[in-house]
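Modelling step: build the complete structure from the supplied sequences, incorporating the hints.
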Amino acid sequence: MKKINELKEERANLIAQMEVITRNEELTDELRSEFDGLETKIETLTKDIARAEKVDAANKLIAERTLETPEVEETMQKRYVNALVRFFNGDGVDPEFRGYKNGLELRADFLTSTDAGLVIKDMETPLNIAKTPPLLAKIGAKKLPNMKGQFDLTAMAETNAQFVGETVAVQDASAAPTTPVTLAPRRLGSWAVVSMEAIDSTKPSIWAGIVQDLLDAWDAKVSSDAMSQFVTDAVDASTTQAGTNLAYADLLQLQANVPYAMANPVYLTTPAIAAKLAAMISLTGVEGPVWKGNIFEGNIAGIPAYASADVPANHIIFVDAAKITTAEFRPKTLLNNPFEFDVEGKLKVTVSGEVDSGFGNYRFASYIADASVA
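The sequence shown finishes on residue 376 if you use the working numbering, and the numbering steps up by one all the way, no holes.
Hints should not be assumed to be uniformly reliable.
[Said to hold, decoys possible] Below, computed lysine-lysine pairings styled on DSS-like, alpha-carbon distance capped at 30 Å: (1) K150 x K350; (2) K144 x K10; (3) K140 x K150; (4) K223 x K294; (5) K348 x K294; (6) K223 x K150; (7) K56 x K5; (8) K350 x K294; (9) K5 x K49; (10) K140 x K294; (11) K56 x K43; (12) K43 x K5.
For the record, the hints were derived by calculation from the structure and aren't laboratory data.
These figures come from a predicted structure and were not determined experimentally.
Here you go:
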């Protein structure tokens, strides 16, 4: 195969020949045929150039992988684990692995499990990791990172605008803000004690699993707290089902209760209710299962529906997920404490941060708090 530059040069020459043909005041059949032939050749060259570029990229990737030296990486990993053991034993931090504020650096290349999708930075660097997307990420809730001080969520009905005559003043937008929901720092954390045997292990998967579980617990609590706060902040949006058992009309009425332009409308409920809605052959007012798709991510009446243990029991919620807000005042941070359990030969690993959740505008939600499906 020719080199990429040669192919591009050949294509440029053919394009120049086509330009010469188009300068003729009158195109004969012979010139038209020549022009079409040049066009076909250019198309072929373009494809050849694309192939050559792919081969060149693949060769570079192979060359990079060839330069890797697993033996050196494994040796570095062992040195790191030994430094971690020495740190645990109170011998200070090895200069080779000194991180933020002279603390022991948590090395991503040693403590990372590719399968877990884990990326670990310095021990006091903010982490934002999740093995599977938490509920808030799935539904498109709003996240406010790196907040300083308290934050108020705007709460008011949709404003209006009207066309008016040339000499008439525009009308009042009818903006009437109500008491806002205030988000303030709330400390959230989780910790685990790691045995000396785990510290002595050179397998990254051990550390990846320990850290991942802590991070998952942190994310799960943020998600469940956001759902609980939603019920508190949007209490005015609560409604009831019409009969003893949930009817399809009740689910549609939840939509009708929110006559606003919603950015991201979703249904939220518990796995138990979702399973009942998906399993029933019919529900009052509709034939076939109301919940279509799998239990955790389906749809109701064409609108995305999610089931999660984070949703309060017996609740069915129709909400603009973009209005569910979490504010992160201090991102989750990974901390090591080698002293609290030193006698037992263990290390305390903690994930800690400051976060708050809220739903500022109840008008963008409607929910049933005592849903019942026979």
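Evaluation of the provided hints:
1. A C-alpha spacing of about 29 Å is found between K150 and K350, which places the hinted pair at or below 30 Å, so the restraint holds.
2. Between the alpha carbons of K144 and K10 the distance comes to roughly 48 Å, so the proposed pair goes past 30 Å and is violated.
3. At most 30 Å may separate the alpha-carbon atoms for a hinted pair to count; K140 and K150 meet this at roughly 26 Å.
4. Simply put, K223 and K294 have alpha-carbon atoms about 28 Å apart, close enough for the 30 Å limit, and the pair holds.
5. About 49 Å separates the Cα atoms of K348 and K294, which puts this hinted pair outside 30 Å; it is violated.
6. A threshold of 30 Å between alpha carbons decides the hint, and for K223 with K150 the separation of about 21 Å falls inside it, so the pair holds.
7. With a CA separation close to 12 Å, the supplied pair K56 and K5 stays within the 30 Å bound.
8. For the suggested pair K350 and K294, the alpha carbons sit about 45 Å apart, so the restraint of at most 30 Å is broken.
9. Proximity of K5 to K49 is assessed by CA-CA distance (about 13 Å); at most 30 Å being required, the pair is judged to hold.
10. Between the alpha carbons of K140 and K294 the distance comes to roughly 17 Å, so the proposed pair stays at or under 30 Å and holds.
11. For the proposed pair K56 and K43, the alpha carbon gap of about 20 Å is at most 30 Å, so the pair holds.
12. For the given pair, K43 sits about 17 Å from K5 by alpha-carbon distance, which is consistent with the 30 Å threshold.
When each numbered hint is compared with the structure, violations occur for hints 2, 5, 8.
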